[in-house]
Structures are given as C-alpha cells and as structure tokens.
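Protein chains: 2
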Amino acid sequence: MIQIAHIETPFKTKFGVPRQAGLTEYEARVVFEPEFRVAEAVRGIEEFDYLWLIWQFHLAERKEWSPTVRPPRLGGNKRVGVFATRSPFRPNPIGLSCVRLLRVEPGPVLVVQGADLVDGTPIYDIKPYLSYADSHPEARSGFAQSAPPAALSVADPEGLTDALPADLCNALCQSLSQDPRPHYQEDPDRIYAMLFDRWEVRFRVADGTATIISVKKC
Amino acid sequence: MIQIAHIETPFKTKFGVPRQAGLTEYEARVVFEPEFRVAEAVRGIEEFDYLWLIWQFHLAERKEWSPTVRPPRLGGNKRVGVFATRSPFRPNPIGLSCVRLLRVEPGPVLVVQGADLVDGTPIYDIKPYLSYADSHPEARSGFAQSAPPAALSVADPEGLTDALPADLCNALCQSLSQDPRPHYQEDPDRIYAMLFDRWEVRFRVADGTATIISVKKC
Chain B
9 MIQIAHIETP
19 FKTKFGVPRQ
29 AGLTEYEARV
39 VFEPEFRVAE
49 AVRGIEEFDY
59 LWLIWQFHLA
69 ERKEWSPTVR
79 PPRLGGNKRV
89 GVFATRSPFR
99 PNPIGLSCVR
109 LLRVEPGPVL
119 VVQGADLVDG
129 TPIYDIKPYL
139 SYADSHPEAR
149 SGFAQSAPPA
159 ALSVADPEGL
169 TDALPADLCN
179 ALCQSLSQDP
189 RPHYQEDPDR
199 IYAMLFDRWE
209 VRFRVADGTA
219 TIISVKKC
Chain X
9 MIQIAHIETP
19 FKTKFGVPRQ
29 AGLTEYEARV
39 VFEPEFRVAE
49 AVRGIEEFDY
59 LWLIWQFHLA
69 ERKEWSPTVR
79 PPRLGGNKRV
89 GVFATRSPFR
99 PNPIGLSCVR
109 LLRVEPGPVL
119 VVQGADLVDG
129 TPIYDIKPYL
139 SYADSHPEAR
149 SGFAQSAPPA
159 ALSVADPEGL
169 TDALPADLCN
179 ALCQSLSQDP
189 RPHYQEDPDR
199 IYAMLFDRWE
209 VRFRVADGTA
219 TIISVKKC
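These protein sequences, in sequence, are chains B and X.
Counting the first sequence from 1 gives a position; the numbering used here is that position plus 8.
Counting the second sequence from 1 gives a position; the numbering used here is that position plus 8.
Misleading hints may appear alongside valid ones.
Going by beta-carbon spacing under 10 Å, a handful of chain B positions derived as facing chain X [claimed, not checked]:
(1) 47
(2) 142
(3) 197
In case anyone wonders, no lab produced these hints; they're calculated from the structure.
It should be emphasised that the depicted structure is a prediction, and the values quoted were computed from it without experimental measurement.
Just so it is clear, CB atoms sit at the ideal spot from N, CA and C, and this is done for glycine as well.
Based on the provided sequences and hints, a complete structural model is requested.
So, in structure tokens, the structure goes:
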C-alpha cells in the first residue's frame, strides 16, 4: 500500500480531531504526493459532491489487535466487537471518511469539508461518492444512530479566539463542543491544551462548559 | 496490510460480477481467516443494517498506474481521472463496498447481500455503516447518478436455469441483465461462458436479449 496523498487540517495532534466525518465545517486540503500530482488523475471529480478518503490511522498503530474496543459513544466503559465500531484500533489501521468536495485547486489539491483526520494523515485512495450505492439514510446504525449531540457549551469570555480567522474559530468551537476530553476525566481544574492550526488553545471544562483560557500563536 | 477475511460469492471469475454494490440480491458469506475467528470481534454488529467492506482488487493489480480510465458507464470510450471513478485499476488496488448484513452465523460468518466481489476476494477491514456520517442521498454523483438500468432482457427458452436454486437463479438473471460483456462486443454469434456457483452458464446476446444456451454443473 503506497501513500498517494496527505491531508492538511488544523488538527496538529489527535486531541480535538472530530470523532467522525461531517461533524465540522473547516476546509481541509488533500495534497497529492509528487508522483501523483497529475491533473488528469482528478478529471471529472468536481461532478461529485462527496468523496471517500481511505487513509492510514498512522498515530494509532499497535502490534496486537484486540477483538473488542470501548467506543467513546458508549461512555468508554462498554466493550463491543472491533468490527462493530469505527475505532482506530483495528487489525488493519485503515480509516474511511466521507468528505464534501468544495473545489479543486491547481496542483491538483482537493479542498474538502468535514474531514476527521489529523494533519499530515497519509491517504491511500480517493473515490467518488455514489449516492445510489453508498447512501442508506434509513439504515439502522446501532449505538451511533445519529450524530453525537453537542456535549459542551463553549465560552470565550475574554474574546481570545478573535485572533483566529472566522472559519477556524468556528471549527475550533465545533471541536470543543464535541468534548475532546478522554472519558472519565471530570476534573474542573485540569487545563487541556490543543494544537490547532498555528495556535495553542488552552481550556478548562466545568459544569458542561468549555472555557477558553488562552490562545497563543506557536 | 493483512487479510482478515475473504468472501464467498457465486462469481468464480471477474466476468459477470456486478459493477457496484447493491445491484444483486444473492447471499454472500464473509469468512474470517483463522486468526480472526473470534466471536467477540463482531459483538454488536447485528445492530447495523449495512457494513462497509474494504478489500483487495486481487485480480486487477498492475505494476503501473494510469491517471485516467474509461468507465463502462460512459460506454468505455471516454477517459476520466482514476480518482473520479471506482475503477479497479488504481494506485492502490483497494475496493470499497456497502453490503447489507443479513445475519451472523457461528464462525463467525457474516452473511451479506449486495456484494460486488469475486469469490475468494481478500478483505482488509469491515466497518459498520453509520447513516449520519455515510448517507448523502442528495449527493451529485457525476456520471453515475443512479443505478445502471437493466441493459438486457434475459431469455431462458429451454428452462435451463431451473437446475439452479431460486435465489441463485435470480442473481444470475440480475447479473446477465446488467450486461456483463466487455464494451464494444456486439457479435450476436459469440458465445459467452460464465462460471457461476457450481455451474458453467453459456449465453448469446442479440437484439438486447441475453439468451441462455447451456447450464452445466462443473
């Protein structure tokens, strides 16, 4: 399996990355590796609203596989079969994400929305989304029937995120509202730090609110 | 990338395999490789109506990749970018199919419907279908906006397919009606042979009708 592209997103570390595709609205860029920078390879792709990205969970590789995992959606304390989840910890660390294609820029670069990938994630394949074969709106989807509701309110009493461009500010708030904390962490004094685009964002969580306490350029 | 499972389907060769998932109704069996025959690994999977199979185009590997391909849906004479198609001939020979989960049998074996895979195809990963993230019924899908219409009528004047079980007979007719011939073949005298389950099925195509001329057990 060879890397054909990688993605550029504001999420510089796993912490804060949305836990599924389509949950945030920032623009990400799929940049082909030099061998695949051929305009013809994406000819006609703009006729599709959505694309599949098949990619490598490059930060989640483990030597051994576990038959069961504990999905965050189940509170992190119930085990289900790994093939009944989209967990990154699976025998082959392959990720699958449906993203919206916004436009094709010269390069070619595919500008997409809704990616749930950490910055720099290697991409193995890009396929067009075919609604007749891929869309099953009525499908029962087990413990993840609907998108996770916003778990937290986001407070920025000092207006610290004014430093960020509007679209990034929006994406940051979406990420925080989905509660990026590991499960079982309920310490209101704990300070979390997230590398987001060129900023280090620090926040606390108490009483269902994530409060931003610093935004520093790094 | 390791093979975790393989699929058992009636399509013994590439010829006749449906060109996308969901177009036929036969039952296929996803059989785990010995190391992955662990019941817990699929615990909870029956709560999902559909599954993603990520698999290897093991009969379509080529040393060189081509930036453009000619999809059958466009008549086989128009080139589009490989990443704007689901063609098997791509830099990484990875296939992606959404199949319906019918039931889980001991093994575990996943019995699925709608697979577009040749018998014995290696499977790399199985993921649950999440309707909130994966379903976009309104998506523009370029040259493949809707399922291909049945291209051929199927005639069996001698009742030869009576030898097959009803579900296989149905799947065979669905496959033939989708016109499995390579493009540009319009010779009414040519006899095509297809290995289907334990049968060799021979047919001719003329005037929009596929006529079955022999069904032999092999």
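Each hint, compared with the structure:
| no. | hint | result |
| --- | --- | --- |
| 1 | 47 | 8 Å, holds |
| 2 | 142 | 6 Å, holds |
| 3 | 197 | 34 Å, violated |
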